[in-house]
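Participant: Chain residues, written in single-letter form:
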Amino acid sequence: MIRVSHLQKEFHIHQARAGLAGAFRDLFSREYKTVKAVDDISFTVEEGEMFALIGENGAGKSTTIKMLTGILTPSGGEIVINGYVPYRQREQYVRSIGVVFGQRSQLWWDLSPLESFRLLKNVYKVDDAAGERWLERLIEELDIASFVSQPVRKLSLGQRMRCEVAAALIHKPKLLFLDEPTVGLDVLVKQKIREFLRNLNETEQTTILLTTHDVSDIEALCKRVLVMDKGRLIFDGQLAELKEKWGNGTEVAFQFKKRTAPEELRAALGELPCEILRDNEFSLRVKVVRSQDMLPFVLSVVMGSFEVSDVKIKEASTEDIVRNIYSADGEVVSHG
Amino acid sequence: MGKLYLELIRIRFLTMLAYRVNYYSGIIIYAINIGAYYFLWGAIYGGQQQLGGLTVEQMTAYVAIAWMSRAFYFNNIDMEIAQDVREGKVAIEMIRPYNYLSVKTAQAFGEGVFRLLFFAAPGIFLVSLLIPFRFPGTPEAWGLYLVSLMLAFVINTELNLLTGLFTFFLFRNDGMMRAKRVIVDLMSGLVLPISFFPGWAQTLMGWLPFQAINYYPSLIFTGAISPERAWELIGLQAAWIAVIFMPILILWRRARHKLVVQGG
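Chains H and V, in that order, give the protein sequences.
Residue numbering for the first sequence follows the UniProt record's numbering, beginning at 1 and increasing consecutively.
Residue numbering for the second sequence follows the UniProt record's numbering, beginning at 1 and increasing consecutively.
Looking at chain V on its own, in the form it has when it is part of the complex (with noise of 0.2 Å):
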């Protein structure tokens, strides 16, 4: 089965590939958001050290890698699973011998270690001889890092799911999926760190997933928290997989029935 996956995650890479134009201007893209938002939380700061905790040097840092964060946590396959649906192909994924949400969280995984290999770290290489940037010194935070970016991304796709497997049932729900795209990227701290919110919106993210999608791998990245706090957030993180799990296997068994197969 293993097989299978590594395959796809390299027939996903390929797929990336196909297109050049795409690739080079995915680099350009990374690398423009990452120093545009440099440059406006430098206008923030001022002349300020410090700001919701963190000095303009975590600020940085905390910008450039929650974008590349965001390059390997980030996937359409919410969007795929509706084509699929609309257009009829879930037909073809359901006379194959694999479950089909398996296989696109796989898609996922490549096109995510894609983005990461050949748009975020070029960009942030790019964007690191433009502006001081600090990586983490020990191989300890590294490593802590990269398992919660791999929550991160597990957590993120779950939502994907989720949202996807709604248009088995509603056959149009781009709406949802893109409010859904708006509220990832500013509750999980893409936009805005989590400790820029005000006392009550903390709160009340802190009873949602998001922010285990960006802000935590983002805040471990910095070194703005102790190891023990970081283990605490890949505790959190896990959690939260297993929980948005449950209805992900509920929808996905009612979906089975409910399937139409639009199109002849």
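Bound-form chain H, shown alone (with noise of 0.2 Å):
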């Protein structure tokens, strides 16, 4: 469905120079730097996935939804999506696409939501029995019916982003964009909007991808991720094996019915590469790095050679993981 092959995009960016003089000799010749945004990445989409583009500010994300959502021209690349090329076919490219800016707003900011829906149907040509159906479900999935006939600059964020949602399938794309679609809303709000989206995916099969910097919005609707740093892809895969890769390990707590040492569950694992902690004269915490092998060899040793009363599995969240990706900076990429 979307396939991307070596994208690239460079800016020229015009570099001010200092002071009075400066600004004086700018006025006649400038310099201009080349910042490469996005640094030829590569992937493929299914139909029907739901993925997560993450990274840092100025990673390349908002970059790449631009280029894929037809707004950009790329520098170099080639990017293929429901058989279109999106910056030479954009008008027909963009019916079979919604996208959502959590950050710009698409509605009519002085006209009510319905309205702007209304003009919508207009431009996408959905004004027919099946187009009212199908926007009559997304009022009430997305529970805006009580606001949607007031003007879109008295809606608060929530009830506004809602409406946002809504604008962008009134045309029922097999693909939706978001970016950063959960920004500055509250928990209730995010949850509505990522149920319905759940729901979207799995009644109609839209491709769903997300940008976004909250880490709950991954975890409650995406399998697959990618992560971008400095304009490249550093990491393309399934959530839990990004969590193997870049997360503290897993922790497992024991509550043991005796005294235990740390030297004793020491002696019983081995050489097994892991750490222990005590916490009290009861209970002993392990860490093991690589989960998917090593849990299930700890679990079984520990069980068997002591007589535990509790285990507790804490496993790193994402929000961890996202942390070390960001702050492991420059060597990073050598992992890519």
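Worth flagging that the hints you see were computed from the coordinates, not collected in a lab.
Yeah, the Cβ is synthetic: ideal placement off N, Cα and C, and Gly gets one too.
There may be inaccurate statements among the hints.
For the chain V half of the interface with chain H, some residues (derived, Cβ under 10 Å), not all of them [what the hints assert, rightly or not]:
(1) K3
(2) E7
(3) S25
(4) K89
(5) I95
(6) R256
(7) K258
Please dock the two separately framed chains into a single complex, following the hints provided.
Facilitator: Written out as structure tokens, the structure reads:
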């Protein structure tokens, strides 16, 4: 459905010279610096996938989304989505996609969302009975019926955002882009939007691409994650894999019936590369790096050799992972 | 496609109606402008019967109609395009399956019709109660005027699109847009009928598109020229439309490649 290969985008940025003399020289000749916002990224996406694109500010996520949606023209590489080249066949292509920009409204500020929907139905030529039924379903599922007739400027952010989602879906696109859709929303609204998206993905097989800073968005919605850093794609895979790669590992807390020293545990586990932490006389924590291979071993050994009253497994949260990726910085690139 | 543009015009209508104070003050501003120019020209004429080939009555009609025409052809789409580019709103326009410039033109048309019906018509009515004013006598003369006015709208809108498109390359071109506005008002014959300019300036302006925006339709309205001459002027307007269309096409194609979306 989406095929991106060796995508690149360069920007020429005007470098202002310092001082008054510099400003004067700028009048006649300007210096430009070339910045690679997106540097050689490739990936493919199948129909019905839900995936997240994450990365720090300035990592190139937004630029990538803007190229995928046909707004920006790439400097190099190829994009084919739904059988179209976005920037070349823009007008036909955008009929098959929906886009929500969390920081920009596509509703008309002075009009009610309902008026905007009406105009958009004309824009996408879906003003028939089927289009009407679909809109009714959107209004119902997003729970926006009570305020769709008020001018947009009078809506709260949460109300507006739900209307934005409805506006982006008015033509029932097969592919939906969401650029930071949950920025600044409260937990309840976030949940409502996520539930709606999940349902949309299940019932309509809509492919959904999400960029976000909010880790809980990813955990709630996406199996697949793409991580960008400095314009490069540094990770493309399942969320679980990402946790393996950059997680702090998994921690198992054991509550023992008898007093147990860390040394006894160490002896039982042998050479296994793990960290043993002592909470008190009865409880110890074991930290392993790669949970998939080691966790069963640790559990079976400990349960077999000691009398255990309680076990708690604490997995690394995606939040930790994201923090790890960001702080790893330069070293990260070599992993990719 | 036609339905979409009708809808866009309707939406612009609604947006304009959304602010009532704007609406009422708009009518008053038009009435004041027309009135002020009427008295100014009365003073300039003094006792004279004719100036620059126009009688006092024709001059009065000219001023009133010049402002009425302006209500229709005038729009701020260059400023809107500039704002869209500066605030990054072009991004939203680019994800919609329509041509940005055609949509802007449709919006400008909606605004023009709104202003003509709700600002200029009541304004002219108010003014006609106070000062002697003659409307064209025949439906034919009305028809010629309306055709010419429509073409004037297209020329002015094309100029606005052109200046607006420069924002894609310069990011800030308020100065250019403001200069354009003054030049259009002056050289189109709104402030001063073209026949009042010195000879060399008239020759110069003959080579520029501006007088096709206001002077031609206003001349046709006042009945100061024959229908044959009116058709000639309409032909000239059509020619200008074709000429200005070229650079717009070229700039638009380049702007699509140059586009940088500001602000994330």
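Participant: Indicate, hint by hint, whether the structure satisfies it.
Facilitator: Results for each hint:
| no. | hint | verdict |
| --- | --- | --- |
| 1 | K3 | 6 Å, holds |
| 2 | E7 | 4 Å, holds |
| 3 | S25 | 17 Å, violated |
| 4 | K89 | 7 Å, holds |
| 5 | I95 | 5 Å, holds |
| 6 | R256 | 7 Å, holds |
| 7 | K258 | 9 Å, holds |
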